[in-house]
Structure formats: C-alpha cells, structure tokens
Amino acid sequence: MSTAQGQAIFRDVPASPPKKPHIGQRAWQARADYLYVAPAILVMLIVIAYPIYYTIELSFFNTPANLQLSQKQWTGLSNYTAILSSPVFWKVTWQTLVWTVLSTFFAFVLGLGAALSLHREFVGRAFLRGLLLVPWVVSAVAASYVWKWLYHSDFGAISAMLTAAGLIDKPINFVDNTQTSLYALIVVNIWKEFSFAMIMLMAGLQTVPEQLLRAAQVDGASPWQRFWHVTFPHLSGVSTVTVLLLVVQNFNSFIIPFIMTGGGPVGSTQIWITHIYELAFLRQRWGLGAAYAVLLFLIMMTLGYFYVRALTRGDESRAG
Amino acid sequence: MEQSPTTRRIDGWRWSGRLFLTFLLGFTVMPMAWMFITSLKTGFAAMQYPPQWWPAEPTLENYWRLIDPSSSVGQDFLHYFWNSMWVSTLTTVLAVAVAVPAAYAFSRFRFPGRNFLFFAVLLRNMFPAVVFLVPLFILMKVLGLVNTHGSLVLTYLTFGLPLAIWLLKGFYDNIPIQLEQAARIDGATRFQAFFLIVMPLSTPGIIATSIYSFIGAWNEYIYAYTFLTKHDQMTLPVGIQRFFSENATDWPGLMAATFLMSVPVVVLFLVLQRYFVRALTEGAVKH
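The listed protein sequences derive, respectively, from chains D and C.
Quick note: the first sequence uses the working numbering, first residue 12, plus one each step.
Quick note: the second sequence uses the working numbering, first residue 24, plus one each step.
Some hints here could point you the wrong way.
Sample of chain D residues at the chain C side, in silico, Cβ under 8 Å [what the hints assert, rightly or not]:
(1) I59
(2) Y61
(3) P98
(4) V99
(5) A151
(6) W158
Note that these hints are calculated values from the structure, not bench results.
The C-beta atom is built at its ideal place from N, Cα and C for all residues, glycine as well.
Construct all of the structure, not just a fragment, from the sequences and the given hints.
Rendered as structure tokens:
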C-alpha cells in the first residue's frame, strides 16, 4: 500500500485531490500535524535561533568587557580582519586540524577494527562490546582527570610502565611539553571516542548481506578482497556519517584540552573552541570571540550540508 | 548462529583480530583500572615512584569520606550527586515527552516544511556548545534562570533532542502503518492508535533515547560550569574540581570521586546497551 493512501485514513482529510492545492492550503489542512513538532521546534528556536542571530550581531561590534550591550560600538568587519591577520589564528587553526584529522582517523580505524573483530558471535562478545564502550559513556571530565594522572610528570603510570618495559630511563613529561602535549591529548580523545565509531560500524555491518560474502568466497575471493569489494562498499553510507560526526565532534572539542592543559603550555594545545572560550570568557573580547564563532558556523554549515545529505540519502529514496 | 564460512579457513585473520582486540582492550581498560586502583590508595601511597601497581594497604577511606554526610566533603559530594541526578532525570523525561510526538510526526505525516524542519533539528548537532554560551547566558539572565537547574535542563534538552528525534523516527519508520490503520478501522481514534499500538512497539526506542539523554545531561560540563556559580547548585562534573588544585591535588580522592561519578552512567548503559545498539541499527543505519 502506498504511503499516500495510508495517510488518507489517518489525517481525516479526503484522499489526495486531483489538483495539487496551494501550499498555504496544504499547511492549513495539515495544521494538526504541526502540533506534534511544535514543542521541539519551540525549544530549538529559543535555544538555537536566537543565539545564532545574537552571535552574528555581536561579531560586528566592540562590546565592553562587562557585556553592557547598550554601549557596544559598530566596528564593521574589523573583528574579522583582526582574526585573519593574527598569527595566533593560523597556529590555532593548524593545531585544530592536526587534532581533528588524527583523532578522527585513529578513532575510525580502531572502531572499524573493533567492529570487524566483534562481528562474529563468540562467548563473551556482548561483555567485550560493553567494556569497549565504557570510555564513550564516562564523562570527558572524568576521562581528563584520569589521563592527567596517568601522564603525571612525577608519579605517572605511563612513564612507570615504559620504564618497567625498559623503553625509557626517566619519567617523560607528556603534557607540560610543547612538543608532545597536543599528541598526548589526541590519544585521550581517541580513547574517548573510538567506541562511538565501533558501535556505528557494528550496526552498519549487520546490513552486509551474508549471501554476498558467501558467493564471493565460493568464487575464490580472499578475505581481504571480500572485505574490500563486499563489506566495505556496504559500509560506505554509515562510514560517511560516522566520519562526519567525528569530524564535527573533534572540531568542537573542549573539555579534554580545557581540563588537561587549559590550552597550554604556551598555547600548544589551544584549539578553536578553547581559544574562543579564552577570548570571550577569560579576556572579555566578546566581539572577537563572536566573530570566531561565526567563522566556525560557516565551516560547520558546510559540514552540516554533507551530513544531512549522507543521513537522508536512504530516506529520500524511500519517501520519494 | 552457524559458523560463517567466510572466517573458517583463515586462522591468520582470526588471530590478528584477537591480537587487535587484546590490544584495544588493554588500551580501554587500563585507565579505568588505574582510576580504581588509585582510589584505593592513601595520599602517601599514591605519591610514589615507581608506583605501587596494587596498593600495599588498600583502603576504602576515600569512598567513605565521599558518602559520609557528616564530613564537609561528603556533604558537598552527595549534594552534587543529587543535583546531577535531578537535572539528568528531568532532562530525560522532558526530552522523551517532546521527542516522541515530533519523531512520530516526522515519520508519518507529510506536512509542508517537514524536510526543512527535520534538517533544522539535525543541524543542531553541528554547533559547538561554546558558541552558544554567551548568548544563552544572556538569555538565561533575561529569563531569570541563571543559577537555577532550569537553565541546564532547557539547554540539555536541545542537545538531546536531535538524536532522540532521529533515533525514534527510525523506529516509527519501521512500524508498519497498517497496524494503525487496522486500529483506526476498528474504531480507535488517532491518539488511541498511537498510544495503544505504536507506543508499546517503540518502547526500545524510547529506552535508547532515554539513555542517551540521561548520559548526555549527566556528563555535561561547559554550561554547568558557566550557568551555575553557587556551590549548592553545582552538578558533579563541575563540583568535582574541588579535589583538584595544581599544587596539592588529592589524587586518590579525585579518582574515587570520578569513579563514583562514572558508576551510574556505566551501569545504566551496560544494562540497557542492547536497546541502544538496536536503536542505532534500526534508526541510523538501515535504510
């Protein structure tokens, strides 16, 4: 039965008339439908639309440190030009890219490996899956403190393990070192989020038809060929969504650098969001922070376009 | 499940899989284990190098202190814990109440603007919390919600809603519309059909949505850090900072506190994880 017929009984309106009614008419006929989404939309409007408008406005003004809005001064694009001509901007952007790319890549690869290893049924599989998901469930605050302790320069367990294994002579200072700090934090981030990729890809693996894999095997395909030519293409949709979500999440990371290093030492772990936070809340440069946020919007909207497209590809073909 | 022929002959692959899993398990478990081991140490035992891999004299002292309402630390900790519980529960209840009708409408109805609204909801996921911080802080001031839990609940709702709506929509998409039609033909109203037929079938989705909302609210840090300045309002992720100071951190106490903070969400998740996994499979992946 087609959806159109199905709907007719439901919505207490005549089955689709021969002439397509005007959009206002259709909206009026469907007025009861809007009631269902109204609460969600209302909350979203208050907490999202208003802040977006407000941030854009703020980015064109110089606002005094006390956030006295009546005293703000129009400065045009000067906040934007100040950002783009600042060397700090390029340093922070580079670090954000390193952070995002490395975190996403390794989280995805570890997640894919875990999903493939856990795909087959074996004793203790659910338990293992649960255990691997724990980092994703615990709060980033807890994770940051634990890793800070593991990396501790005097009593850190990681240094101790490396020493015990004979790899190093004296404890390494992972976090308070401009050379290693960013990478040390990336490890924490990967630890925190690889299981998100795992769970998404495990779900995706269930859609790979078993018959195709069998057929490929009968035809003499090697395990690698079966993975590359059968499994992987079936995972492409969910992989796209997963990678996009990881990229967005990593671009928006805040808690791990904020708690573990506060962006230091010497700004070596400063990424976009911690930088925005510092500009706005620690240095009260509201206009500059807002301009950063608007630039971030633009980047995120671009990613968002691909996200929605990847997400609704199946939906469109079904509804269409 | 019968053994799949795809993996029978190739022991090399299976062994490398096991090796990989072992490595990954070590990587995953080590920090959690170290958190727990440290929490059993005295302050003196924790400050040793090389560390005691297992405390020479394990003690639950750090935990007793946290849950003892007569000590000042315990009083605060229990207060934070209760605040977190209250905010997370309220957020979860409201998120489900708002997401269920919205997801149902997005799944079943074809009203004009449906796609646009659905995308708008999904796009919320794209924006970082920090970006909303300044305007929301001002908004909360206007609404008189600063230093109340209402500011957090309202904000957390919008975090949870997009994924909640998306997951639930996946569930409703998979419930045959004929079931409701049959009920309608038998004389049920639209609401009866929804509550008696669709709701029970989507319970796993609602459970999954609830877990997600609860964990998100429980773990949230930035807004709680900014919106709440009064000590007795704070939630756990923010309150726990009292154990941390650059010079004289009480590491065992901090580890015990992070451990207790992690217990509720981890237990909740492990008990209900099959719903969550299923929701992702049904809603997010299968098209």
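Hints, one by one, checked against the model:
no., hint, in the structure
1, I59, "holds, 6 Å"
2, Y61, "holds, 6 Å"
3, P98, "violated, 22 Å"
4, V99, "violated, 17 Å"
5, A151, "holds, 7 Å"
6, W158, "holds, 6 Å"
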